[in-house]
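Chemist: Sequence:
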Amino acid sequence: MRQFCLRAALAVAICAAAAAASAQELSQVAAPTDGVQLARRESRVREIVPMAVIDQQAAREYEQVKQEAIARHTLLDDSDPQVLRLREIGVRLLPQTVLWNPRAGRWAWEINVIRADQVNAFCMPGGKMAVYTGLLNDLKLTDDEVAMVMGHEIAHALEEHARQRAAQAEISNLGANVVSQLTGFGNLGNMDIGSNAKMLSLRFSRQEETEADLIGMDIASRAGYDPRAAITLWQKMGKFLRAGDEFSSTHPSGRSRIAVLEAHMKEVLPLYARAMEMPMEKLSPYQTNMANLGGAPVDNGDDDQRKPLKLETPDDKKAGSQ
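Under the working numbering, think of the first position of the sequence shown as 1, with each following residue one higher.
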């Protein structure tokens, strides 16, 4: 019965998002007027690859991931407590997505959990999300921290970061001059974006990661999850992840990242207080489920904030700590 009710609740959340999207059909809002204040970048480069192409490829790749997990008996059943937990969080998060991207109300959202030691999660374009049990179990994530992870991954999809990276991969593949001359940064139609832009192999830039951090925190706060969990989440990442873990390789957890989150906390705490229907002064101190987390390690970052992050190896991390 709980499984049926959760499916119905998820459907209601999606319908609510779709209704809000329809109301904003003709005006792609830059951002909500309250909450996180973030200047969103307009990029003509991403127009090279149509959004429909990205959505279709993401759906194909996501189905492949699911089928491989089914074959290995690692796709958790709809009735599994971990799946129910994440989908319940999703029911609260999804209606908030249209504030950042009205198209999200029409996406066929999916939230699944894959049993694997891998510490990772993703949300492909079109709302195709998966979380690996290694992330949930190794870091002993609270619901608030899970919401920050899910919000972060959802934000990548909302901001069309994959489309941006896919377009840049195509430019590299075809040659920037050829693309410019033939299309004038126009639409490449129903092209196959090719192996250079597989959704799960794309690396986002530090700037895109910051956007995902802040928008994800905004979405989760509006849904009634404590944004202060974003700080403990990244402290856990820095303390407990091993060198070479997928999540630490593509989601740097340095002090500069936490500093940015803290700087925007004053924008999202009122959203959380409003969702909890209580005045700001009544909010209690945030408590995570682990003590003495401390700060995150120093993260030197990349010289170019727009450049895709490099995949860090154990040797890279060892060298950086010397």
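Source of the hints: derived by calculation from the structure; they are not laboratory data.
There's no promise every hint is true.
Dumping the calculated BS3-like pairs for lysine-lysine here, alpha-carbon to alpha-carbon at most 30 angstroms [claimed, not checked]: (1) K66 with K266; (2) K266 with K239; (3) K66 with K140; (4) K239 with K140; (5) K282 with K66; (6) K266 with K282.
Chemist: Work down the list of hints and note, for each, if the structure agrees.
Modeler: Results of checking the hints against the structure:
| no. | hint | in the structure |
| --- | --- | --- |
| 1 | K66 with K266 | violated, 39 angstroms |
| 2 | K266 with K239 | holds, 26 angstroms |
| 3 | K66 with K140 | holds, 24 angstroms |
| 4 | K239 with K140 | holds, 13 angstroms |
| 5 | K282 with K66 | violated, 44 angstroms |
| 6 | K266 with K282 | holds, 15 angstroms |
Taken one by one, the earlier hints fail for this structure at numbers 1, 5, listed in ascending order.
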